[in-house]
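Quick note, the sequences are listed as chains A and B, same order.
Just so you know, we're using full-length UniProt numbering here: the first sequence kicks off at 1 and counts up by one.
Just so you know, we're using full-length UniProt numbering here: the second sequence kicks off at 1 and counts up by one.
Everything labelled a hint here was simulated from the structure, so no lab data went into it.
It is possible that some hints are incorrect.
[Stated by the list, open to error] Ranges of calculated distance between the beta carbons of each label pair, as one might list FRET restraints:
| id | chain 1 | residue 1 | chain 2 | residue 2 | range |
| --- | --- | --- | --- | --- | --- |
| 1 | B | 116 | A | 680 | 58 to 64 Å |
| 2 | A | 583 | B | 592 | 53 to 59 Å |
| 3 | A | 580 | B | 599 | 53 to 59 Å |
| 4 | B | 108 | A | 571 | 48 to 54 Å |
| 5 | B | 113 | A | 606 | 17 to 23 Å |
| 6 | B | 667 | A | 101 | 51 to 57 Å |
| 7 | A | 680 | B | 198 | 38 to 44 Å |
| 8 | B | 126 | A | 580 | 39 to 45 Å |
| 9 | A | 610 | B | 535 | 27 to 33 Å |
Only a predicted model underlies this, so the values are computations on that prediction, with no experimental measurement involved.
We put the beta carbon where it would ideally sit given N, CA and C, even for glycine.
Protein chains: 2
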Amino acid sequence: MSQPLTATRLTTARTSIFPLRHPPPLCSFLFVIVLIVATFYTLHHPDSTPPLLFPRNPHNPLALRRLFLSSASNATVASYLRALTRHPHLAGTKPSLDTLTYVLNHFQSLGLDDTHLAEYEALLSYPTHISVAARFSNGTKMEFDLNDVVHGGDDDDVVVRPYHAYSPSGSAQGDVVFVNHGEERDYRALESIGVSVRDCVVLARKGESLGRGGIVKIAEARGALGVLIYAENDGGGLGGIERGTVMRGIGDPVSPGWPGVVGGEKLRVGDNRVTKRFPKIPSLPLSLHNAEIILASLGGARAPVEWRNSGRVGWGQRVGPGLTVVNMTLQGELKMKKIHNVVATIRGSEEPDRYVILGNHRDAWTYGAVDPNSGTSALLDIGRRFSLLLESGWRPRRTILLCSWDAEEFGMIGSTEWVEENVLNLGASAVAYLNVDCAVQGSGFFAGATPQLDGLLLDALRLVQDPDDVALTVEDTFKSQNNVIERLSRVDSDFSGFLHHAGIPSIDMYYGADYPVYHTAFDSYDWMIRNADPLFHRHVAMAGIWGLLGIILADEPVLPFDYISYAEQLQAHRDALSKLLQGKVSVDPLSMAIQEFSIIAKEVKDEAKKLEEQAYSKNDVAAAVRRRELNDRMMLAERGFLDSEGIKGKEWFKHLVYGPAAEPESKLGFFPGVADAIATNSSEGMIEHEIWRVARSIQRASKALQGGFT
Amino acid sequence: MSQPLTATRLTTARTSIFPLRHPPPLCSFLFVIVLIVATFYTLHHPDSTPPLLFPRNPHNPLALRRLFLSSASNATVASYLRALTRHPHLAGTKPSLDTLTYVLNHFQSLGLDDTHLAEYEALLSYPTHISVAARFSNGTKMEFDLNDVVHGGDDDDVVVRPYHAYSPSGSAQGDVVFVNHGEERDYRALESIGVSVRDCVVLARKGESLGRGGIVKIAEARGALGVLIYAENDGGGLGGIERGTVMRGIGDPVSPGWPGVVGGEKLRVGDNRVTKRFPKIPSLPLSLHNAEIILASLGGARAPVEWRNSGRVGWGQRVGPGLTVVNMTLQGELKMKKIHNVVATIRGSEEPDRYVILGNHRDAWTYGAVDPNSGTSALLDIGRRFSLLLESGWRPRRTILLCSWDAEEFGMIGSTEWVEENVLNLGASAVAYLNVDCAVQGSGFFAGATPQLDGLLLDALRLVQDPDDVALTVEDTFKSQNNVIERLSRVDSDFSGFLHHAGIPSIDMYYGADYPVYHTAFDSYDWMIRNADPLFHRHVAMAGIWGLLGIILADEPVLPFDYISYAEQLQAHRDALSKLLQGKVSVDPLSMAIQEFSIIAKEVKDEAKKLEEQAYSKNDVAAAVRRRELNDRMMLAERGFLDSEGIKGKEWFKHLVYGPAAEPESKLGFFPGVADAIATNSSEGMIEHEIWRVARSIQRASKALQGGFT
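So here's chain A without its partners, still in its complex pose:
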């Protein structure tokens, strides 16, 4: 999982049902033995008894779904995760090729219809030297330890030092100023007590809404010389330090907007179109421990009242500048590296040219047990189970792709280049994109979706047993604990290109939130089995939900899309915007467009119901044409929200309902163009224009849903 550009993740801390503790070595050993035995049993059993396992008619949807769920294997998933996380596998490094080979071999050995690589060259960023030293008021100096792990001797075991990818090389020396979360309102609070950060080094703690790229961007605009960022959630007490990218926008920086294929056009690294995506001032992550040393040493004014006694910042905290000077140095290198996506194909029988795409990235900052290989192991298990279903005679109606992306951590590069290369065919033929990044971070099911998929998502949750309570389904616990399906405006995983650039209906799912070892050296297999999913029940639940969504979307003759749900969500967005605007700008264009959309959505639902109820004859060409025609309209409707001009200043992001707004403080979480116009205090005319643009995008969606022409 990458840095959110505009993060609105749910952040309610949840208590893990598996408290943090180190199991004794014997316990671990026995556990591994049990897993191995279980794996062998599961892998070999089905092959020997297909007649018993598989019903005569595997095309009965209910039986097929049950069969899929019953073919789960915790031990197999565990074995995948163990293999994937043996070494750190940062994109562009040698050990990352081992995970590539592992995934590629896995899919190939399953005998799916096709497994191939989609490779690109991309400009990646690595550190060569980093240092941070402080000089305190008493004249003492301190050189900080910037590692969160002791390196082993083996080259393959080198965990990259904590750094910010694409931060420029350079040194910054200056008084330290503590800027809280580094948001605009934090700087305004500092201004009100007379504190400026000009020519200072700012120290920020990661907050809930602003990502590290945003923190650096604002600090740079305020005249800071350098940025140090720490997380209060200190790797669960392990001393982890959070790596991450600070690049603006997503995708390969030297092929902006087009696929970075081998032999294709690449901009020079010094080209303005490249450098504008990198910060101008250096930044580094810092451990909580080091940050608190600096915080304790600061002079200057006392922190604005609203910052004090929040998190770990105390009542007496001073913000500087004064007393402590920091000297930070970062030497990095930008390197063109080959990156490798894996695409495995299960060809559809009746609509081979319609696609359901499941995707997860493979590259990790360190060992990647949570991020992203909990998802990868689920994807590999889905592949295994789909292969079993195929052997039983199943063949999905539509084509299913299982995708393993590379270089997500540098800015969703693998998936973005692929989307850019395939954008036309995606627009014409992709039914949905189902993303899982950190499949298991802890407890509790979370999901984001485009609203026409809400009902389908809940249907799938209803079919899967809750991993933490055998008496319940995931739907039961989801509804009692969380019950909010997020909207996908954030830009922090591979769905971004699919949804924000190509307009593909998308789902993103994860178990747990805000896990402490995020992007640290401690995101390891050991951490996973000790803290987040000892028996891999949650992995299995996620694989179950994800695979079922794939099966249903690929198999249902009429696509299970509910645009009434979308209309209701748009209506709620309209209401929230209207409240924020307090009548200063009219939202009538939205109201009218949503009203029309709503009516058409109802008509389409009725039409779908009728077609669903019709008897289904294989030779009925006319019925097939009617279903296809309706499905195409439902597939296409999401593309209506795309606008070829895109979001102002971020033109690559074309979706006007969900996408990144520059300013987290507007807190709209939707209509990014409107949110930007409001946050930047644009004229009423400009806000009105942005509202019109959204309204027209809804009208386009209506027309797509309705079909035909005016």
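Got chain A sorted already, so can you dock chain B onto it with the hints?
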């Protein structure tokens, strides 16, 4: 037909087989009687004898085509044209509503599946006062007569005074400078003899490659105060004056990029996004007679050698400035007007959600007998004949739309707004757009097409008898006379939005070229029957070709698209570009992309051949799916040439292979972004980037043609 932004029309003058003469009144009267009798016979005969006229199996393609051709009626077409051209019918005026009613009633009376209006509000431009006066060296003054017709008393008969739509109101007074065709090279020639046009009024004669908007734009940039434009082709000696628009870009200026629907967003007229599309200096058209009075009076240097003795400019011509001062005044008004497109639908039986669109505009500067109602009468007759085919039991496989556009003369406004409103569905479901504007201007068949339609076009020409030689087909004469299918880079008729903005494969056709009464008061029914098509044979031939193209595209199970032809054309474009660049910038990216495209085109052709040869069973769902899938790929491939960023500075134009280049002198006629970069002396890096963009668009087309994903 509107002003070409970048015109590369073939301009070889052709001798009409019907020499220009006035037939005696009795002759005209008898002719009308013959037409009326013939009309009655044709309209009433088929209804009474369907069993004889229509074969048992109307779905036999050859029989159907023969039936369509045999149902032609010269007299009926003539009656349509007579009715449409009774009054001048400029868009936004009252008499234009009569033509709307006529067309609407016609389609409705045919009982087609649906006939509806698609209405918009658009900012149109009309003159309220115009004057041009000259003061000569001898002190005499002269007020020019700016009319080309004596107005009748009836309000409906008012021909609008010759003017340039969207020229700003204002006066300009200054020395006259003759600038030849007003191209950049003409100004460079003037510079070389020490002549500047700063603070002068320029006088330009319309040339072959630069349209009136371009003439004004360059004059404005050179510091001229006003522009007078004349045509040497003086309405065939009738003293006609050429009206036209000088707006930049196409479509409604107050809804740029979005549909100007009633109740939708409209920019203020003073908004920069609106005013940048209008010239800053006034311009007016002038008759040849008046222009020659001015030309004869000029002092100053003698014209550059290359201008002399070309057209009507003599050896001794002087260019000014000096001796003659002109004072020109234009008062105009910009008015929001409702415009009305008519869309008639013939629903497809097997693929109702795939569309073949036939379109022609209805509005005219004056009576519009050539421009555009020769095309309208052909369209109405196609409607009539399709209706007969439907009665016989025919039903096209795909849906056919017959469209009558409004306000084309102001800048393709009716079709552009419609394309903008329907762009998503067009992209997803439009197979082809077939445009006819001036169906008959004179003799000789001309056509432009996107290259995958070349073969189909020739096939259709082969089926239609040459209107001027009963022993030959149109293909025979086309091949012996012209034999060049133009490429559609020009922006002078309604195909522009379909091709340049929406990427729909398109054809544009006309009989004759460079007719003398273009946009003058003399473009009347009388002129047509006296000069261009006395017996309406050419109208019938055009309706035959147009209708056949519609039938074939709508009926063929496998779309008759030939992408090998496109690959060859791209290769020829590459070669021409390579020659122009003389190795300064590499065209290798194009070579590689075209090579790949060529290979895939061949594979697709083989695949199409196999599917065509397969026996066709109505109940074979799998075969239907395979055909549909192939057809979708062939339909989609043209969209690959679209780029969401569009052409630099003209971002609405998204097609990177065909579209308007600012500068006619590059003479490429394709790759408009590359042409612009070369013509504006951009850096080699920028030219290279534009070449890469075209190469990537070809790669997108390849991927669409191939289907699936990398």
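Hint-by-hint comparison with the structure:
| no. | hint | result |
| --- | --- | --- |
| 1 | B:116 x A:680: 58 to 64 Å | violated, 42 Å |
| 2 | A:583 x B:592: 53 to 59 Å | holds, 57 Å |
| 3 | A:580 x B:599: 53 to 59 Å | holds, 55 Å |
| 4 | B:108 x A:571: 48 to 54 Å | violated, 38 Å |
| 5 | B:113 x A:606: 17 to 23 Å | holds, 22 Å |
| 6 | B:667 x A:101: 51 to 57 Å | holds, 54 Å |
| 7 | A:680 x B:198: 38 to 44 Å | holds, 41 Å |
| 8 | B:126 x A:580: 39 to 45 Å | holds, 43 Å |
| 9 | A:610 x B:535: 27 to 33 Å | violated, 54 Å |
Going through the hint list in order, the structure does not satisfy hints 1, 4 and 9.
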